[in-house]
Amino acid sequence: MTDAAPLAVRAADERDVTYYGLPSVKPSLWGGLVSGYMFVAGVGGSAQIIATAADRALTPIIRNGRYIALAATVLGGPLLIIDLHTPQRWYNMLRIFRKTSPMSIGTWVLMSFGSLSAALAAAQFAADHGHSPSRTMQTVIKLLDVPAALAGMAMSTYTGALLSATSTPLWAAAPRRIAAAFGASAMASGAAALTIAEQGCGAPDTGRALDRIALVASAVELFLLLSLRQRFREQGVDSALNETGWGLAYDLGVMALGAGVPILHHVESVIGPERAPRRALIISLAVLAGGFLLRHGLLRAGNISAKRPKDYFRLTGRVPQ
Amino acid sequence: MAPFQSNWLMMSDVCKHCSPAPCLEACPTGAIFRTEFDTVVVQQDICNGCGYCVPACPFGIVGVSLEDGKAHKCTLCYDRLKGGLEPACAKSCPTDSIQFGALDELHARAQRRVEELHTKGVENAYLYGAPGGPGATDGLRQLNAFFLLTAAPETYNLPRTPSRPVERIGPSLTSGLATVAGLALASLILFAARRGDRR
Numbered sequence: 414m415t416d417a418a419p420l421a422v423r424a425a426d427e428r429d430v431t432y433y434g435l436p437s438v439k440p441s442l443w444g445g446l447v448s449g450y451m452f453v454a455g456v457g458g459s460a461q462i463i464a465t466a467a468d469r470a471l472t473p474i475i476r477n478g479r480y481i482a483l484a485a486t487v488l489g490g491p492l493l494i495i496d497l498h499t500p501q502r503w504y505n506m507l508r509i510f511r512k513t514s515p516m517s518i519g520t521w522v523l524m525s526f527g528s529l530s531a532a533l534a535a536a537q538f539a540a541d542h543g544h545s546p547s548r549t550m551q552t553v554i555k556l557l558d559v560p561a562a563l564a565g566m567a568m569s570t571y572t573g574a575l576l577s578a579t580s581t582p583l584w585a586a587a588p589r590r591i592a593a594a595f596g597a598s599a600m601a602s603g604a605a606a607l608t609i610a611e612q613g614c615g616a617p618d619t620g621r622a623l624d625r626i627a628l629v630a631s632a633v634e635l636f637l638l639l640s641l642r643q644r645f646r647e648q649g650v651d652s653a654l655n656e657t658g659w660g661l662a663y664d665l666g667v668m669a670l671g672a673g674v675p676i677l678h679h680v681e682s683v684i685g686p687e688r689a690p691r692r693a694l695i696i697s698l699a700v701l702a703g704g705f706l707l708r709h710g711l712l713r714a715g716n717i718s719a720k721r722p723k724d725y726f727r728l729t730g731r732v733p734q
Numbered sequence: 004m005a006p007f008q009s010n011w012l013m014m015s016d017v018c019k020h021c022s023p024a025p026c027l028e029a030c031p032t033g034a035i036f037r038t039e040f041d042t043v044v045v046q047q048d049i050c051n052g053c054g055y056c057v058p059a060c061p062f063g064i065v066g067v068s069l070e071d072g073k074a075h076k077c078t079l080c081y082d083r084l085k086g087g088l089e090p091a092c093a094k095s096c097p098t099d100s101i102q103f104g105a106l107d108e109l110h111a112r113a114q115r116r117v118e119e120l121h122t123k124g125v126e127n128a129y130l131y132g133a134p135g136g137p138g139a140t141d142g143l144r145q146l147n148a149f150f151l152l153t154a155a156p157e158t159y160n161l162p163r164t165p166s167r168p169v170e171r172i173g174p175s176l177t178s179g180l181a182t183v184a185g186l187a188l189a190s191l192i193l194f195a196a197r198r199g200d201r202r
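Residue numbers (the numbering used here), protein chains in the order written: chain Y, 414 to 734; chain R, 4 to 202.
These are computed hints drawn from the structure, not numbers from a lab.
Some hints here could point you the wrong way.
Claimed, not checked - Only pairs whose alpha carbons sit at most 27 Å apart, straight line, appear in this in silico DSS-like list of lysine-lysine:
{"id": "1", "chain 1": "R", "residue 1": "Lys76", "chain 2": "Y", "residue 2": "Lys512"}
{"id": "2", "chain 1": "R", "residue 1": "Lys85", "chain 2": "R", "residue 2": "Lys73"}
{"id": "3", "chain 1": "Y", "residue 1": "Lys723", "chain 2": "R", "residue 2": "Lys94"}
Keep in mind that this is a model prediction, so the values were computed, not measured.
So that you can see chain R by itself, here it is in the shape it has in the complex (with noise of 0.2 Å):
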């Protein structure tokens, strides 16, 4: 079969507005918060610009502006969504790619296309972003905006397992606290014997 698609690859690098968002677990201030629609929004009138959300985000989304000095991200156009509408994106997309809904509902219209996809000979096509599957993984359950691809990840400038970094405080604050506190308890020991010497 002749390259899908002239092998033109096309995605839209939208915020994944994961689910649990690290951007979200990150915010020292509540600033980000999940909204009633499930997405993910940085609240303009808190953030105070510690741009740890920067650093947080497994696909490099969230970004400080250095004009006004706080965080900003796509809201899925939260605006729109209070008024009943679909995002702007979904909304201009002239082939209906990019589409708006129900999450379990596009779950399983994705994955209709990509059985039909296999069906033609597009064997390379599968989600990134659904449950269990690339994209999702380490701590990430899913992304809440999720794709059909038809190439490796990272062809699309994606991570292949990007991971939840939240899983990883644990473990460093153990392994910190161990050390310090092995060196305190050094430290009381040599004191001890300091004085042991003196008498």
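Okay, chain Y solo, but in the shape it has when bound (with noise of 0.2 Å):
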């Protein structure tokens, strides 16, 4: 329909051209409050897999994450709804079920996942507190625990699909790899938290198994984080991590001391004959410091790189057909 022929090759003077620098798309309005949220739902969502998946003898494992899955609603839930800039309205998430957003795909995972984890929570807490449940309230319980850990599976990594399916040219350059990274970060996270759980337990058996799972966790963790860097720089979209702190604080502060080094402790952790208890402890903020750093990074670089426009054009930038 159209005569393509001027645009068939771009020539060399036309690349990187711009209008004037200025940029071609916006930012999105988000801070501390939305990267708060990706996380605390990370850290909530796989704390509740990792309590479906635990050998029921290990009720401390089991008690922690379903309290920590329903802290996580209770807190995520707020950040989101304050960061609404017509926050009073926020229940105008619950008009409609829109499938090609992933906005309203987390509203109801979100009400999914807080449902289930609230249900989950007081049936542990009344158990907790010496009223043992009928045996119709314990199927009801156990049937409840596979369905709040695939809740908590897509609470986990949603939040990468979120940013992914946008014009912002950091995510939507690497919209598997940023989800994937998420999802690995978030179980890393979420064994990190229940680890610092049971310390105050203090219950070694279920220490060693929270140990292998966040080995193998932050071993996947890492081995997407650097993939998603190798992808940013095929797309040619680094330079807002590579010209601002941000590169920094990927490189050091999630890759290496949020994963790298966690990684290193686990090993000889696993493999050791005893325990750090306290060691095992700093190295679990350090996941968790890092597993936050990761969402508020990527968040901020990707605002910084909407501003580019030479980032955006070398994504939007193909010949057509």
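Using the hints, put the two chains back together into the complex; each one sits in its own frame.
Rendered as structure tokens:
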């Protein structure tokens, strides 16, 4: 229909042409509240997954997992509501379910996970305070465990799809890897949160089990983080990281301290004769800090990339057929 | 031939009222909808200012007002259209460069104009946003507000091959869920192995 001849070849002097360096798209208005939610959602969702997967004899893990999952929803929901620019209309999110919108998908994931967490935590609370549930209640609770874990999986990763289903260069460049990295990071953070919680209960057996899970999750996370950094470079959108402090935050804070050092600790912990509980606590805090920094760093660097027309045009500059 | 129009490039950087519209597809409250005129409008009484439409738009059109806390964008003068009038930009344009009308008629008229310009020696004239051409790529079937341009899209601050963000959701969720499911399975195995160790 149209004559594409003028655009068949992009001349050398056309590369990196912009309109006086002005941005072509707008950055999101999101900040620490949204990255805070993404982090908290991942920790809670993954803590529930681990609690569901756990051996029924490991009651501390199950108990802590359920309470962490509930705490995540109780903390996360208000973070999102406060971030709205017309917060008094927050319930309008519940008017529809729109499968083309990760934010709509996420609203209902949060509602499902929140309801299931609340039910499981209530049951846990009753059991902890001597009210042993009837047989029917016990079956109901057992039936809720798997759906809660499934909702927890969605909680741990949908925020990656939320970022990538936009026109922000940094996020749009790596839809698969961002979501995968968020998922692995969430599982590592979930294990870390449970390790911290278990320090209070002091059950060494549960600590060992969590160590192995944390090792696998952190190893997968580090691999995905490296892969993600590579993808940004390939797509030509990594200037927002390299030319700002967020690149260093990613390399040093998220990869090295948030995943690399914990891996070394977990390997030593798994093959060695004794656990070092105090070091495990510090390492777990590092994993949590790395988890938050991953989301916050990508959010802030993404907003910077949206203001860089060269990055956007590199992503949207293929020769159309 | 001397540079066409002394190389002055003009473009009304209006909302493209895309079909499908990324802002509409991103809106979680249903505030953004498609009108009977095939335009895209934000309902001010429903929007809660989540701001997801802002980074979704491939053309950087939608904005959120920090004064009233809602998303705003060109409505193609919805109120004037309901009254049978043309949008204000089309009415005020003194050279009738901005034209309003039925889309297929406009496509035909624009294509004729491009061919006319080609015969006059303006070989770089092309349509941006017409189906199948630059601007209407990767899931964005067409831009209901389309343009006749005479230089590279980037010179006008337009992306050459914008994409529909929705197409990234499937791959993203699949990869993310697969990763988490894999680690969940690993957790199950590690817990079971631990139980095996103890016995």
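How the hints compare with the structure:
1. Simply put, Lys76/R and Lys512/Y have alpha-carbon atoms about 23 Å apart, close enough for the 27 Å limit, and the pair holds.
2. For the given pair, Lys85/R sits about 23 Å from Lys73/R by alpha-carbon distance, which is consistent with the 27 Å threshold.
3. Taking the CA atoms of Lys723/Y and Lys94/R, the gap is about 35 Å. The hint is violated against a cut of 27 Å.
The structure fails to meet hint 3 from the earlier list, while all remaining hints are met.
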